[in-house]
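Place chain S on chain W using the hints.
Protein chains in written order, with our numbering: chain W, 275 to 565; chain S, 2 to 414.
Don't read these hints as lab results, they were simulated from the structure.
Nothing here was measured: the structure is a model prediction, and the numbers come from that model.
Hints may contain errors.
Claimed, not checked - In silico DSSO-like cross-links for lysine-lysine, where the CA-CA straight-line distance does not exceed 27 angstroms:
no., chain 1, residue 1, chain 2, residue 2
1, W, Lys564, W, Lys419
2, S, Lys377, W, Lys419
3, S, Lys24, S, Lys198
4, W, Lys390, W, Lys281
5, W, Lys281, W, Lys503
6, W, Lys542, W, Lys564
7, W, Lys562, S, Lys296
8, S, Lys296, W, Lys542
9, W, Lys503, W, Lys564
As the list claims (entries may be wrong) - Reference listing, derived: stretches of chain W covered by chain S, where coverage requires no fewer than 3 residues with Cβ under 8 angstroms from a Cβ of chain S:
no., segment
10, 408–417
11, 431–437
12, 449–460
13, 472–485
14, 515–525
No residue lacks a Cβ here, since even glycine has one placed at the ideal position from N, Cα and C.
The chain contents come next:
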Amino acid sequence: MSVLVDKNTRLLVQGITGSAGAFHTRQCMDYGTNVVAGVTPGKGGQMFDDKVPVFDTVYEAREKTGCNVSMVFVPAPAAADSILEAVDAGVELVVCITEGIPVMDMMRVKALMKNKPSRLIGPNCPGIITPGACKIGIMPGYIHKAGGVGVISRSGTLTYEAVWQLTSRGCGQSTCIGIGGDPIGGLSHLDAVKLFNEDRHTEAIILIGEIGGAAEEEAADWIKKNCQKPVAAFVAGMTAPPGRRMGHAGAIVSGGRGTAAGKIEALKAAGIAVAETPATMADTLIAKMKN
Amino acid sequence: MNIHEYQAKELLQKFGVATPRGKVASTPDEAEQIARELGDVDLATGRVRPTGGLVVKAQIHAGGRGKGTFTNGFKGGVHLCKSPAEVRELANKMLGQTLVTHQTGPAGRVVNKVLVAESAEIAREIYFAILLDRATAGSLVVASTEGGVEIETVAAKSPEKIIRESIDPLAGLQSFQARKLAKQLGFDSAQLKAAAKLFDGLFRTFIGLDCSMVEVNPLVVTSKGEVLALDAKFNFDDNALYRHPDIAAMRDIAEEDPREVEASKHGLNYIGLNGNIACLVNGAGLAMATMDIIKFYGGNPANFLDVGGGATEEQVTEAFKILIADKNVQAILVNIFGGIMKCDVIAQGIINAMKTVHLPMPLVVRLEGTNVEAGKKLIVESGLAVIAADDLADAARKAVAAASSKSQAPNPK
Numbered sequence: 275m276s277v278l279v280d281k282n283t284r285l286l287v288q289g290i291t292g293s294a295g296a297f298h299t300r301q302c303m304d305y306g307t308n309v310v311a312g313v314t315p316g317k318g319g320q321m322f323d324d325k326v327p328v329f330d331t332v333y334e335a336r337e338k339t340g341c342n343v344s345m346v347f348v349p350a351p352a353a354a355d356s357i358l359e360a361v362d363a364g365v366e367l368v369v370c371i372t373e374g375i376p377v378m379d380m381m382r383v384k385a386l387m388k389n390k391p392s393r394l395i396g397p398n399c400p401g402i403i404t405p406g407a408c409k410i411g412i413m414p415g416y417i418h419k420a421g422g423v424g425v426i427s428r429s430g431t432l433t434y435e436a437v438w439q440l441t442s443r444g445c446g447q448s449t450c451i452g453i454g455g456d457p458i459g460g461l462s463h464l465d466a467v468k469l470f471n472e473d474r475h476t477e478a479i480i481l482i483g484e485i486g487g488a489a490e491e492e493a494a495d496w497i498k499k500n501c502q503k504p505v506a507a508f509v510a511g512m513t514a515p516p517g518r519r520m521g522h523a524g525a526i527v528s529g530g531r532g533t534a535a536g537k538i539e540a541l542k543a544a545g546i547a548v549a550e551t552p553a554t555m556a557d558t559l560i561a562k563m564k565n
Numbered sequence: 002m003n004i005h006e007y008q009a010k011e012l013l014q015k016f017g018v019a020t021p022r023g024k025v026a027s028t029p030d031e032a033e034q035i036a037r038e039l040g041d042v043d044l045a046t047g048r049v050r051p052t053g054g055l056v057v058k059a060q061i062h063a064g065g066r067g068k069g070t071f072t073n074g075f076k077g078g079v080h081l082c083k084s085p086a087e088v089r090e091l092a093n094k095m096l097g098q099t100l101v102t103h104q105t106g107p108a109g110r111v112v113n114k115v116l117v118a119e120s121a122e123i124a125r126e127i128y129f130a131i132l133l134d135r136a137t138a139g140s141l142v143v144a145s146t147e148g149g150v151e152i153e154t155v156a157a158k159s160p161e162k163i164i165r166e167s168i169d170p171l172a173g174l175q176s177f178q179a180r181k182l183a184k185q186l187g188f189d190s191a192q193l194k195a196a197a198k199l200f201d202g203l204f205r206t207f208i209g210l211d212c213s214m215v216e217v218n219p220l221v222v223t224s225k226g227e228v229l230a231l232d233a234k235f236n237f238d239d240n241a242l243y244r245h246p247d248i249a250a251m252r253d254i255a256e257e258d259p260r261e262v263e264a265s266k267h268g269l270n271y272i273g274l275n276g277n278i279a280c281l282v283n284g285a286g287l288a289m290a291t292m293d294i295i296k297f298y299g300g301n302p303a304n305f306l307d308v309g310g311g312a313t314e315e316q317v318t319e320a321f322k323i324l325i326a327d328k329n330v331q332a333i334l335v336n337i338f339g340g341i342m343k344c345d346v347i348a349q350g351i352i353n354a355m356k357t358v359h360l361p362m363p364l365v366v367r368l369e370g371t372n373v374e375a376g377k378k379l380i381v382e383s384g385l386a387v388i389a390a391d392d393l394a395d396a397a398r399k400a401v402a403a404a405s406s407k408s409q410a411p412n413p414k
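Okay, chain W solo, but in the shape it has when bound (with noise of 0.2 angstroms):
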């Protein structure tokens, strides 16, 4: 029914003491994520909400709960250690939910990252989401509904228009994953079309892209090779100013490079419908299912 996420999924929460890491840890069980461990160094003893252990380090965590994934909430300065420690212990998945890493930061962990089994999402990013089954992030739960459509996005708020509009036409989700909008990440577009296509329960994708970098470009030249499922996309950023960076730090033209324009018409050549506009996203997708 998913990818990355579902029942099984044993959740650790790094930062789980902190104000914006304890209300989301709330709105995550609330949902029914199987919320395990947390992780706040110096507070290990503690018992989050009279429910969930908090340990030192993950490593305990993992031994003595076997998380299996990690959603990070931990303020930036720290945060880019703390991915660190969590594929250093083994977690299989980390979600990191915090915005304002530097990218420094990130180059390092990306480098680091590298032929270790782990997989990242995010910085800066909603999180991940299975409905019916699993929510890691801070996505408003309601919004979704279980089904076969899977949900590729950079941005927040767009993801959750996008889904909002799925389930207003009755189109469910099988995993919506939210990949931020740092220039430099974990999962990209492509992993997740991938993740998606080898999905038997995935029926059909949507991607949500914006201005700068080449990742939908590269996402949308492997679909036109081998993706079979129908795809729908759209492109923030038709209107920005170039050398502006729009809130995203990734989300920026710079040299003719990054454009909407040039990702629309990439899009276009590999045979996915792309949305004129923000409010019809389902509807093209809809539509290109029925074709």
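Chain S only, in chain W's frame:
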């Protein structure tokens, strides 16, 4: 964040990158004094040296200074001269004056400082930049023997003249790579070490100051064979400014859009544009998409504004003040998809803003997500004249219609 040329040179000097000697002046007196020191006494050795050529450069953030014109009619923001008296006269003509270049827009920028430096006799100009490479998640050197011109032009006309060297994110720039680059850029054996040292200094600057780009254009070889960074442009990673308070202190708010300065004081992510439909949105992607859909329906966005995920009522109120203060704005579109952000908080922020500021233009509000019913109820009960929208497309259409009817309405005065 941008910095001035004189600040860029100070930073490079700290990392041992050779630049022409010079100092910044705020008054003609200071400019003359700096020129005397440069001309008469070598500051490093204390020895008297013969007076060489000097250059006076207006310090504004925009490019194209040399070809710019001051609003008082004086041509050029960069001038060569010979004597301290000339430096004084040039500084006098530039300081306090407004310089218009192709990058400043017609309003131009006020010149508050001038850089007085030795003018190097240039034998050769090179382009050298280090930037963040998303594709390899590392850093990348981009260089060319065709310096002193726009690198985009070189890339388009003669791509074979662009040299690229990837740098391992963990190991950094290796000495052999610096020598290899120097050879590829045509430095002769006598200059090889100086060039490699300069490249190494630039790389240490790039890493040490958390830059996303350091661009030296031109990097020059002088007629005496010196290798110097003549002009440098920095882009800093805003996320890393917390560990560089000295860099953060170099911010010159006089060079920035006052609307953006005001927004940043309140933790709002705002970029001013030239249209007439203001938008207030949560989330950067949705904010961009909202601008796009306004354009799609024939309107023009006045701004990008992401109030973020955890905005308070106060921040929403401040955001409204900034939007309303923009003279071009003829309609406001609020588009909120509540996740962490609760719709009732946004609604209360709007209501509070209306208590303190008169709303002279139509307001279209589209709320969806967390606490949407509570938010809608607050707005209805407030009695505010709000145009409610059902979804994103409806909101954009209504905002475009409201702005065009507003702009066609006769002026009440």
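With a cut-off of 27 angstroms on the C-alpha distance, tell me whether Lys390 of chain W and Lys281 of chain W pass.
OK: Lys390 of chain W and Lys281 of chain W at ~25 angstroms, within 27 angstroms.
Residue count check for the segment 408–417 of chain W against chain S: does it reach three with CB-CB under 8 angstroms?
Contact hint for the segment 408–417 of chain W vs chain S: holds, 4 residues under 8 angstroms.
Given that the segment 515–525 of chain W was listed as covered by chain S, double-check it with a C-beta distance under 8 angstroms for 3 or more residues.
It holds, with 9 qualifying residues against the three required.
Apply the coverage criterion to the segment 449–460 of chain W and chain S: a residue qualifies when its Cβ sits closer than 8 angstroms to a Cβ of the chain, and three qualifying residues are needed.
It holds, with 3 qualifying residues against the three required.
For the pair supplied as a hint, Lys503 of chain W and Lys564 of chain W, is the alpha-carbon distance within the 27 angstroms limit?
Judged against 27 angstroms, a Cα distance of about 12 angstroms means the pair holds.
Just to be careful, I want the Cα atoms of Lys562 of chain W and Lys296 of chain S compared with a cutoff of 27 angstroms; is the pair within it?
holds (25 angstroms)
Under 8 angstroms between beta-carbons, do enough residues of the segment 472–485 of chain W, three at least, approach chain S for the coverage claim to hold?
It holds: at least three residues are needed, and the segment 472–485 of chain W offers 3 whose Cβ sits within less than 8 angstroms of chain S.
Hinted pair, alpha-carbon criterion (27 angstroms max): Lys564 of chain W, Lys419 of chain W. Please report holds or violated.
holds (20 angstroms)
State whether the coverage of the segment 431–437 of chain W by chain S holds or is violated, taking the criterion as 3 or more residues with Cβ-Cβ distances under 8 angstroms.
Our answer is that it holds, as 5 residues pass the Cβ test (under 8 angstroms) against chain S, meeting three.
Do the alpha carbons of Lys281 of chain W and Lys503 of chain W lie within 27 angstroms of each other, as the hint requires?
The given pair, whose Cα atoms are some 25 angstroms apart, holds under the 27 angstroms limit.
If you draw a straight line from the CA of Lys296 of chain S to the CA of Lys542 of chain W, is it 27 angstroms or shorter?
With a Cα-Cα distance of about 21 angstroms, the restraint between Lys296 of chain S and Lys542 of chain W holds, given a limit of 27 angstroms.
Hey, Lys24 of chain S versus Lys198 of chain S, does the alpha-carbon distance stay inside 27 angstroms?
Holds - the C-alpha atoms of Lys198 of chain S and Lys24 of chain S are around 23 angstroms apart, at most 27 angstroms.
Every hint, counting from the list given before, is met by this structure.
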